[in-house]
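Engineer: Those protein sequences? They're chains G and D, same order as listed. All the letters of the first sequence, read from the start, carry residue numbers 1 to 482 under the numbering used here. All the letters of the second sequence, read from the start, carry residue numbers 483 to 954 under the numbering used here.
One should not assume that every hint holds.
In the PhoX-like style, the derived pairs of lysine-lysine whose C-alpha atoms are separated by at most 25 Å in a straight line are [stated by the list, open to error]:
no.	chain 1	residue 1	chain 2	residue 2
1	G	Lys336	G	Lys323
2	G	Lys325	G	Lys336
3	D	Lys508	D	Lys582
4	D	Lys921	G	Lys336
5	G	Lys482	D	Lys755
6	G	Lys325	G	Lys344
7	D	Lys582	D	Lys729
8	G	Lys342	G	Lys325
9	D	Lys582	D	Lys536
10	G	Lys373	D	Lys582
11	G	Lys258	G	Lys325
12	D	Lys582	G	Lys336
From the structure, some residues in chain G lie toward chain D, with a derived Cβ separation under 8 Å [what the hints assert, rightly or not]:
no.	residue
13	Ala216
14	Tyr364
15	Leu474
16	Lys479
Hints in this document: simulated from the structure, not taken from any laboratory. Ideal Cβ positions, reconstructed from N, Cα and C, are used throughout, including at glycine.
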Amino acid sequence: MTMLRPKFFLNRRGRRGFRRGTQRQSSSESSAQNSASSAVNRIFGLLLGVALFSLPLTARAQDTDRIDAQITNTPSPTYIIRNARIVTVSGADIDNGILVIINGHIAGVGANISAPAGAQEIDARGLTIYPGMIDLGSNMGLIEVPTGAPGTIDVQELGEMNPNIAAVWSINPHSAHIAVTRVAGVTTALSLPSGAVISGQAALINLLGTSPREMAVVPEAALVIDFPRIGGGGFGGPPSITPEAMTQRERRVDELRKMLRDAEAYGRAQDAYRKDPKSTPRPVTDLKLAALVPYVRGERPVIFRAEREREIRAVVRFAEELKLKPIIIGGSEAWKTATLLKEKDVPVILDSVLNLPLHEDDAYDSLYENAAKLHAAGVRFCISTGDSGAHVRDLPFNAGMAAAFGLPRTEALKSVTLYPAQILGVADRMGSIEAGKIANLVITDGDLLEPRTNIKFLFINGRQLPLVSRHTMLNDQFKDRK
Amino acid sequence: MKTLMIIVCLIFLANVAGAQSPDRTKTRIIRNATVLTVSHGTLVNTDVLIRNGKIAAVGQNLKAPDDAQVIDATGKFVSPGIIDAHSHTMMDGSVNECTKSVTSMARTQDILNPTAIGIYRELAGGTTAALLLHGSCNAIGGLSTTVKLKWGHPAADFPIPGATPGIKFALGENPKRTNFNIPGLQPRYPATRMGVEETIRDAFARARDYKRDWDDYRAGVARDEKNLIPPRRDLELEPLVEVLEGKRFVHSHCYRADEILMLMNLADELGFKVRTLQHVLEGYKVASEIARHGAMASAFADFWGYKMEAYDAIPYDVAIMTRHGVVSSVNSDSDERARRLNIEAAKMVRYGGLTEDEALKLVTLNPAMQLGIENRVGTIDVGKDADVVVWSAHPLSVYTHVEQTFVDGELLFDRQADIARRAQLEAERKTLEAAESNKSPAQGGTPPRAPSAIRRAYTHDDDIQDGEDRRP
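Starting from the given sequences, assemble the full structure and let the hints guide the process.
Structural biologist: So, in C-alpha cells, the structure goes:
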C-alpha cells in the first residue's frame with residue numbers, strides 16, 4: 001500500500017483514466033448518501049483512501065488539495081447535464097431541463113438544448129440543480145484552529161487602521177475547511193479580515209484552487225470596517241458607557257473620517273500628478289491611503305460591522321457623509337432600522353440568524369424573523385453564517401431557519417445565492433443559473449436548504465469535484481473498523 | 483350598569499377560577515396530528531389524550547371528556563419533548579468549580595435559576611428535559627442534575643424525581659488547562675493526559691479506602707459491637723463510592739480516542755461503567771471498544787475544529803457509533819443550539835445515512851436512556867409523562883417551528899400566545915423607557931448607569947470553547 005501511494009497519485013496515466021471514466025455518469029448509481037456517486041468519486045475515494053492510510057498524520061489536511069491540483073491542471077471539460085429539475089433562482093424553475101457547461105461557464109440552460117461536441121453526459125434524473133451558495137461573512141482560509149494553535153491564525157493584524165492588508169495574501173488554499181464547506185454546496189465565500197477599526201480588505205473566493213489568486217473571483221472585494229462603538233470597534237472589552245469610553249469612540253470615528261478624507265485628497269493628488277507630472281509635485285507614496293482610494297470613490301463597497309440600532313444608524317450617517325458604498329454586516333437589530341435601510345438602499349449581510357437574541361426581553365424569535373421583516377420592508381439583504389470557516393457549511397440551515405419564521409422559501413434560497421452576489425456586485429458572474437455565468441452548481445436529491453438532503457454532484461468553475469473532504473476521508477477510514 | 487357589573491364580576495371570578503385550577507391538571511386532546519411516536523412508528527390522523535400530566539391515550543377518533551381542551555393539529559406534527567443530554571442552562575455561568583482537580587463535592591442542583599430566559603427559549607424549540615452538567619475544568623467535576631424545563635415553577639420542581647444522579651468527569655485539554663496558561667498564575671495539576679488518568683485513579687483509590695472504612699463500621703454495628711466511632715463523612719468521596727456501587731452515573735467529557743480508551747480501561751479496572759461519553763468527538767475511531775465497555779455516547783452533530791483536539795471531529799461520528807451498537811444522542815452544550823436540536827438530529831440523516839426514526843431517537847429516546855428516565859419520557863406512549871411538542875411541519879425539516887410545548891401536560895410554550903403578548907410588552911417597555919429615571923442626560927436625566935455584561939448561562943472561559951463557536 002505504501003509503495004503504491006506517491007507514484008499512483010501523481011502519475012499522468014491515472015489522471016487520464018479518471019477522465020475517461022467520467023464519460024457517462026448516472027444518478028441511479030448514486031445510492032450512497034453524500035459520498036461517492038460517480039466514477040470520479042469512486043476512483044478518487046480509492047486514491048484518497050490509499051493516500052490517507054499511508055501518509056503521515058501531518059499531511060492529511062492537505063490531501064484534498066491534491067485533488068484541486070489535479071483538477072485545475074486539466075483543461076476544463078464540456079458537460080451536458082440532462083433530465084434535471086433546474087432551479088435557476090433568477091427565473092422560473094425548469095422541470096425537465098438541460099444544462100451545458102463549456103469552459104467553466106454555463107453555456108446554455110433550458111428544456112431543449114443540443115449537446116456540444118465532446119460533452120460528457122450526466123444523467124440527473126430525479127435530481128435538482130441549484131446555483132452554488134455564497135457566504136459573505138466568513139474568514140475562510142484565515143483561521144484553521146482558533147484555539148491552541150496560534151500559528152494557524154492570520155485574521156487580525158495589529159494596529160487600528162489596516163486598509164493596506166488583504167485577505168487574499170494569506171488565505172490558505174490547503175485549509176481543511178475548504179473542501180468540508182464545498183461538499184455541502186457552498187461554493188463561494190467572502191473571506192474577511194477582522195479586528196482593528198479598519199480590518200483590511202476582504203477577498204471573494206471560489207472554493208477550488210491551489211493558490212489564493214487562483215481561487216479569487218474578486219481579490220480585493222471590499223473594505224472591512226469594525227465601526228467604532230462603545231465597548232468594541234477595535235478594542236473589545238466589556239461595554240461601559242463611561243465618559244472616557246464615549247470620548248474614545250468619538251476619537252476613533254474622527255480618525256477614521258480623517259483617514260478617509262485624506263485618501264480622497266491623496267487620490268486627487270495622484271490624479272493631478274498623473275495628468276501633469278511636469279508641473280505637479282510628486283505625492284509621497286502612502287500605502288494605506290492608496291489602498292483606500294477605490295473605496296472612498298465609491299468604486300468598491302465598504303463592509304461595516306454593526307449590530308445594534310444606534311450603531312446601524314451611525315454607520316448609515318457616516319457612509320452618507322463620506323459618500324461610501326456601505327454594506328452592513330451583523331445587523332441583529334436591522335429590522336428596527338428597516339425604513340432607513342430601505343430609504344438609503346443599504347444592504348445587510350445577516351450573520352446572526354442563529355444567534356441568541358441580544359436582550360433578555362427580546363422576542364425569542366427576534367433574530368430568526370429578522371430576515372422576514374427586512375424582506376417585507378424591501379431592504380436588500382443576504383444570509384451568512386458569520387463563521388470563521390469550519391461551520392460555513394451550515395449556511396443553508398441558517399437560511400432555512402429564516403424561512404421557518406416568515407421568510408418565503410424562494411427568498412430564503414435567494415438570500416444565499418443571488419442576493420449575496422448582487423450585494424457584492426458579482427451577480428453578472430454568479431448567484432443564479434443563467435447562460436454566461438460561472439458554472440458553480442450543486443446537484444441535490446432534494447430541497448437545498450434541508451439538512452436531510454444529499455448533495456450528489458458539485459461543480460465549481462465548471463469543474464466537477466469529487467464529494468471528498470477531510471471528514472469523508474476519516475469516515476471512510478473508520479466506519480467499518482471492528 | 484348592573485349587567486356590566488355582573489359581567490365584570492364574572493370575568494374576575496373566571497380569572498380567579500383559572501388561577502385556582504392550574505393549567506397542569508387540565509385534560510387536553512391533540513386532534514388529527516401526524517404523531518411521531520419514536521417507539522412505534524409514525525401515526526397519521528391521530529389524537530393524543532393528555533390527562534393528569536400523563537399521556538392517557540393515543541389513537542384515532544379518541545373520545546375526550548366534554549371539558550377537555552381541544553387542540554386542532556390538522557396538518558401538524560407531534561413528537562415527544564426533546565431531551566438535551568448536555569446542557570448548562572439555568573446555571574447562570576456557575577458551571578465550573580475550577581480550583582481543584584477533583585470537585586465531586588460541588589452540586590449543580592444548588593445553583594439553578596428557574597427564571598433564566600434560556601429555559602423559555604429552549605421550550606420554544608421543543609426541548610423539555612436536560613442533563614445539567616458541571617463544566618469540564620477538572621478530571622472529576624461536580625454533580626449533575628437531570629431536570630425538566632418547568633418554566634414558571636420554582637427551582638425545586640425542575641429535578642426529575644427518581645432520576646439516577648450523575649457526576650461529570652473530563653479528559654484532555656480542559657482538565658489539563660492547556661489553553662488557559664495565564665502568565666503569573668500557578669498552574670494546576672494535572673498538566674498532561676497522564677496526570678488526568680492519575681488524578682482519577684487517585685480519587686478512586688481514596689474512595690475505595692473510604693468505602694472500606696464505612697463497610698467495616700457498618701459490619702461492626704451489625705455485629706452489635708460497642709463504642710464504635712463512625713468514619714468522618716467525606717463529601718468529595720461519597721459520590722465516588724456511589725459510582726462504585728452503581729448508584730451514580732459517570733458522564734465524561736472526552737475528545738480523543740486515546741483518552742476515551744484510557745477512561746474505559748480505568749473504569750473496567752476500578753469496577754464501574756462509564757454511563758455516557760460526552761462530546762466523544764473521536765468516538766468513531768474506537769466505536770467497537772465503546773460498545774464493548776457498554777458506555778453510551780452523547781455528541782455534537784457536526785461541531786468541529788474549534789480547538790486542536792476537535793480537529794479530527796467529523797459529522798459521521800454519531801452514525802458510526804450508532805452502527806456499532808452504541809446508544810447515541812445529539813446534544814447542545816449551548817443555550818443557542820438547545821433551541822434547535824431537531825435540526826441537529828436531522829443532519830444525521832445527511833451525515834452517515836441514519837433513518838429519520840433513528841435521527842429522531844438521537845434527541846428523544848436515546849438521551850432518555852442515557853439519563854435513565856426512559857420509563858417516563860422519550861416516546862409518545864400511554865402512561866408516559868405528557869412531555870409533548872406540536873410542530874408546524876416535520877421536526878426534521880428546517881422549515882418547521884414549534885407551535886406548542888407541553889411538560890407534564892402543562893402548556894409551557896404557545897407560539898400564538900407569545901405573539902399575542904408582544905404588543906403589550908412593547909407598550910410596557912415604552913412606558914419604562916419614558917419614565918423619569920430613564921430620561922437621557924440631554925433631557926435632564928442623570929447619566930445612564932453602566933450596564934453590566936449580559937448574563938449568559940454558560941460563559942465560563944473554560945467550557946465556552948466546547949459550547950460556542952468563538953469568532954476571534
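Engineer: Now, for every hint given, state plainly whether the structure supports it.
Structural biologist: A quick look at each hint next to the structure:
| no. | hint | result |
| --- | --- | --- |
| 1 | Lys336(G) <-> Lys323(G) | holds, 23 Å |
| 2 | Lys325(G) <-> Lys336(G) | holds, 21 Å |
| 3 | Lys508(D) <-> Lys582(D) | violated, 48 Å |
| 4 | Lys921(D) <-> Lys336(G) | holds, 21 Å |
| 5 | Lys482(G) <-> Lys755(D) | holds, 21 Å |
| 6 | Lys325(G) <-> Lys344(G) | holds, 10 Å |
| 7 | Lys582(D) <-> Lys729(D) | holds, 24 Å |
| 8 | Lys342(G) <-> Lys325(G) | holds, 14 Å |
| 9 | Lys582(D) <-> Lys536(D) | violated, 43 Å |
| 10 | Lys373(G) <-> Lys582(D) | violated, 49 Å |
| 11 | Lys258(G) <-> Lys325(G) | holds, 17 Å |
| 12 | Lys582(D) <-> Lys336(G) | violated, 47 Å |
| 13 | Ala216 | violated, 22 Å |
| 14 | Tyr364 | holds, 5 Å |
| 15 | Leu474 | holds, 5 Å |
| 16 | Lys479 | holds, 5 Å |
Against the hints set out earlier in the document, violations occur for numbers 3, 9, 10, 12, 13.
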